[in-house]
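Peer 1: Now for the letters of each chain:
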Amino acid sequence: MALPELVCPAGSLAALEQAIEHGADAVYVGFKDPTNARNFAGLNFTDAQLARGIALAHRMGRKVLIAINTYMQAGRVPQWYAAVDRAADAGADAVILADMGLLAYAQRRHPQLRLHLSVQGSATNAEAINLAHQHFGIQRVVLPRVLTLAQVAQVAQNTPVEIEVFGFGSLCVMAEGRCALSSYATGESPNTHGVCSPASHVQWLQQQDVLSARLNQILIDRFAPGEAAGYPTLCKGRFEVGGSIYYALEEPTSLNTLSVLPELLRIGVAAIKVEGRQRSPVYTAQVTRVLRAALDAAGRDDYAVDPAWMAQLTAVSEGNQETLGAYHRPWR
Amino acid sequence: MPNSMNLSLGPLLYYWPQATIQRFYAAACTWPVERVYLGEVVCSRRHEMRLGDWVDIAGTLQAAGKTVVLSSQALLESGGDLIALRKLAQAGYLIEANDPGAVKVAADAGLPFVAGPHLNIYSGATLDWYVGLGACRWVPPVEISRDTLNAVRAESQHTVPIEIFAHGHLPLAWSARCFTARHYDRNKDRCEFVCLEHPDGMVMRTREQQPFLRLNGIQTQSAACHSLWNLLPQLRDAGVSTLRISPQARHTGEWVNAWHAALQGESVQPDVAQWQPEGLVNGYWFGQPGITCQEAKT
Chain A
1 MALPELVCPA GSLAALEQAI EHGADAVYVG FKDPTNARNF AGLNFTDAQL
51 ARGIALAHRM GRKVLIAINT YMQAGRVPQW YAAVDRAADA GADAVILADM
101 GLLAYAQRRH PQLRLHLSVQ GSATNAEAIN LAHQHFGIQR VVLPRVLTLA
151 QVAQVAQNTP VEIEVFGFGS LCVMAEGRCA LSSYATGESP NTHGVCSPAS
201 HVQWLQQQDV LSARLNQILI DRFAPGEAAG YPTLCKGRFE VGGSIYYALE
251 EPTSLNTLSV LPELLRIGVA AIKVEGRQRS PVYTAQVTRV LRAALDAAGR
301 DDYAVDPAWM AQLTAVSEGN QETLGAYHRP WR
Chain B
1001 MPNSMNLSLG PLLYYWPQAT IQRFYAAACT WPVERVYLGE VVCSRRHEMR
1051 LGDWVDIAGT LQAAGKTVVL SSQALLESGG DLIALRKLAQ AGYLIEANDP
1101 GAVKVAADAG LPFVAGPHLN IYSGATLDWY VGLGACRWVP PVEISRDTLN
1151 AVRAESQHTV PIEIFAHGHL PLAWSARCFT ARHYDRNKDR CEFVCLEHPD
1201 GMVMRTREQQ PFLRLNGIQT QSAACHSLWN LLPQLRDAGV STLRISPQAR
1251 HTGEWVNAWH AALQGESVQP DVAQWQPEGL VNGYWFGQPG ITCQEAKT
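Residue numbers (the working numbering), protein chains in the order written: chain A, 1 to 332; chain B, 1001 to 1298.
Next up, chain B with everything else stripped away, as it sits in the complex:
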């Protein structure tokens, strides 16, 4: 099957020890991903990795032939956050803007940027406005449907590459409050970095034990893993260039290899029961509630 789609590794959303992060990206150097997004996007208190540490990893990945992008924090609240943002933009790599503030910093410096999934672009007119400021690639909001995506493409005057959140726990919401610290009855300022104990976040279940959401610091995710697995023909028809895989504590490499094999037209069967025991969902793609799973009609 001919295919021009490729794979990316999205920014790490969890808080892992530095050595774990370094091992993860050392392995990623050998994975069949075209691009890798680095940096802390969730919480400014997460300091296992400083900008210099990310830049070191960026160099290694670039030497391994990967395109490297530095992702901005999604919720910028303090003067310190903005100082960190400006340093990120000046680090010598393409940046992913996850906040209009990051767009301003990039545009003022004349730098192109990836329009990240948190910029809220749902129409061609809005995409075109960001392209006019330097957006060179678009990651649609996670809740976008195939139909809306196709309509954006029909409306847009530009053809920037589209990168879709294809696999991982969905980053659904952001707050000033840290829900992980709240679980431990700690203030956010005195969280003791308890996120380190939850490398895939904490599952939040309903009172009848249905896994619903996943607490990851100030971010709330889907408990289930969103996956557009088995939908490659539809993704190709929708003009998608890149499939983003969001790092998880386990089996990310296996998933990357499975997706890559599928892109090569090979018949592969991922071990979902083992790799993603919380189950897969894909409703957003079909314009349905994100928590639902539709049968892929290929």
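Bound-form chain A, shown alone:
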């Protein structure tokens, strides 16, 4: 059985090197600007770093994909066009785009450039994917993390476009590209600024025993002594609804698909993606190593999840918790 590509995240050249060393088939990266959905301080690539990264990857027979997956903002459209030009000039193996207007530009200006429809493009159904295929010839779609395995299979059967799914990483509980919670609280969202719950708006306050985490003054959570305090991503805080305080939207948790890899292979997905360009090179190394081993094993009949893999992934998971997310029906 042909194995899907393992697509790993790199927020820096060091992470890209780790991904390649530990067995990624492709690495995805972004530029240092709001054209990509991990527009965080200190992260991402200059043109010079990108050139070195692509040279290394190509020498090793791997690919570099460039995410330009935020939405073009009127008045600053040339910034997104320039990002596509830079990616094409650098010799990227594909660009990962969300905005239909930008896809149109890329196809018009760089007809040879391979196009992937980003998860931020919110294409959750075959009709949406086929719209982008019909007009731009997209060759791959990254599915939002809202579908069950059965729904992924159904989408795959109804489109000629390759399917890429998330295999591991922090979990968006909302359909990607369809969430403005961050701009509601801070003025900046994934669609408009390439950020969610931006660090520039986070305030930590220790008062006596209690640690509070605020996002633009809004209390996202507070932690008693001994409680693990995670980053205040606004959908992963504790809130009060109908008199009870709980994780009303989602627990701090990571997606982990090791147990369903054989099913993803049977469905025929073309690629498995790891989330986490904002994480360290150590994270990229650790997760790439485990996913490489698991994917290689998943192609064999006697596949079983190695407890050591789980332990290594849990160690780098958000809140040290994991879920199958929407792939697993009861989660919904």
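Among the hints, erroneous ones may be present.
[As the list claims (entries may be wrong)] Pairwise CB distance ranges (calculated):
id: 1; chain 1: A; residue 1: ARG329; chain 2: B; residue 2: GLY1239; range: 43 to 53 Å
id: 2; chain 1: B; residue 1: THR1030; chain 2: A; residue 2: GLU227; range: 47 to 57 Å
id: 3; chain 1: B; residue 1: ARG1086; chain 2: A; residue 2: ALA88; range: 31 to 41 Å
id: 4; chain 1: B; residue 1: GLY1287; chain 2: A; residue 2: ARG52; range: 30 to 40 Å
id: 5; chain 1: B; residue 1: GLN1018; chain 2: A; residue 2: ALA2; range: 43 to 53 Å
id: 6; chain 1: B; residue 1: GLU1295; chain 2: A; residue 2: GLY137; range: 42 to 52 Å
Calculated from the structure, these hints are not laboratory results. We put the CB at the ideal spot given by N, CA and C, even for glycine.
Since the structure of chain A is provided, determine the placement of chain B on it from the hints.
Peer 2: For chain B alone, coordinates are given in the frame of chain A:
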């Protein structure tokens, strides 16, 4: 004050009993709205109204002189969702596409469509691409600012009517997960249609009791009511054609009448304390966090 702007009633975002929905739209026949959007946009499990029931209401509204648009579900996940979408597009009314899949269904059939607020159009180039496929009207994303809206207009080669989400709880996010069912510790598949008990959703407060968001099934809204009230001159300058009012369980008719009076240049004072006790916000319009409220400089 001369004015060419008019009002629309957006799609119902909540789950109400069928009789309540029918009463609501019977009343809407008499309201001063030019157009009405019908259909289930949030959850495919909401079955109080079948397509035929919506079409019946559409006929009544059309007879009352309203333009009727059928709105597509915003998150299309299953084969069943796509079958329902194709039926919606063939029902004989203009459709509002809230997903690229709905755009494909309309464009393949050669039908014009309203580019809904969930298509993520933030630039003139992208708007023009959708116009090329048949978009005859544009509802910008709820998070768009006045400045971005003006910049889109400056960039666009077309002049399609712009309809802005002007009043209501903001539809901010969509998920595979049902947060209302989650609150009751139920699976989405066994939700027992508990949304029926929450005609305006459930308010989610911070641990210091600040109203923040509003759970409405798989949709997350603003707890507060977004309102561009008092901003009519700015809206007119931004080329807005239609002001969308999102249905709420109470006082929607009063708000429609207040907006209409304001459009007529009458001086009206809505009873905000009574009609919208959760308060009004408008930050998005000013390029600020949506949860904030800026003083209108008219």
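Peer 1: Should the hint that THR1030 (chain B) and GLU227 (chain A) are 47 to 57 Å apart at their CB atoms be regarded as holding?
Peer 2: 55 Å, holds
Peer 1: Is the gap between the beta carbons of GLY1287 (chain B) and ARG52 (chain A) within 30 to 40 Å?
Peer 2: Cβ of GLY1287 (chain B) to Cβ of ARG52 (chain A): about 37 Å, so the range 30 to 40 Å holds.
Peer 1: Honestly, do GLU1295 (chain B) and GLY137 (chain A) meet the 42 to 52 Å range at C-beta?
Peer 2: 50 Å, holds
Peer 1: Does the Cβ-Cβ separation between ARG1086 (chain B) and ALA88 (chain A) fall within 31 to 41 Å?
Peer 2: Distance hint for ARG1086 (chain B), ALA88 (chain A) holds at roughly 37 Å.
Peer 1: Can you tell me whether the CB distance of GLN1018 (chain B) to ALA2 (chain A) sits inside 43 to 53 Å?
Peer 2: 51 Å, holds
Peer 1: Regarding ARG329 (chain A) and GLY1239 (chain B), is the given constraint of 43 to 53 Å on their beta-carbon distance met?
Peer 2: Holds, since ARG329 (chain A) and GLY1239 (chain B) (Cβ atoms, about 46 Å apart) stay within the stated range.
In summary, this structure violates none of the numbered hints.
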